[in-house]
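Participant: Sequence:
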Amino acid sequence: MKSVGILLFIVGIGNFVYQGILTLRKLRKEANEVRTTHRFCCTACGEKYELSTVETKEKIKWSIHIRKETLNTQKSLYKFICPICGEKNFRNDCMI
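Residue numbers (my numbering): 13 to 108.
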C-alpha cells in the first residue's frame with residue numbers, strides 16, 4: 013500500500029513538472045514577439061493584409077472576439093473596421 017502511494021506521489025510530481033514546462037513554452041511563444049507579423053482576411057471583401065504584433069494588439073484589444081473550435085480546427089474571428097472596404101465586419105486569421 014505504501015508503494016502505491018509513493019508511485020502516485022512521483023506521478024503527481026512528474027505531472028507538475030510537465031505542466032510547468034508547457035506553461036513556460038506557452039509564455040515564450042513566438043506570437044508575442046514584436047517582429048512577428050499576423051495575416052488577416054476581411055470576411056466582406058476577402059482582402060488579405062498584414063499587421064505587426066503591436067498593431068494587432070491595439071486593434072483587437074477591446075474588439076468582439078468569437079472563437080470557434082472543433083476537434084480538428086480552431087478559428088478566431090475579431091470584429092473590426094476593414095481598412096480596405098471600410099465596413100464593420102469580422103476579421104479572421106488566414107493562411108497565405
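If you are wondering where the hints come from, they were derived from the structure by calculation, not from laboratory data.
Treat each hint with caution, since some may be false.
Claimed, not checked - Below are the DSBU-like pairs computed for lysine-lysine, each with C-alpha atoms no more than 35 angstroms apart in a straight line: (1) K14 x K41; (2) K80 x K14; (3) K14 x K69; (4) K91 x K80; (5) K91 x K73; (6) K41 x K80.
To be verified - DEER-style ranges, computed between Cβ atoms: (7) R51 x I22: 41 to 47 angstroms; (8) R79 x V46: 21 to 27 angstroms; (9) T85 x Y61: 43 to 49 angstroms; (10) S88 x E59: 16 to 22 angstroms; (11) A56 x N27: 44 to 50 angstroms; (12) G58 x K80: 15 to 21 angstroms; (13) G17 x E62: 50 to 56 angstroms.
Just so it is clear, CB atoms sit at the ideal spot from N, CA and C, and this is done for glycine as well.
Participant: For a quick check of understanding: which of the numbered hints are violated here, in increasing order?
Facilitator: 1, 2, 3, 9
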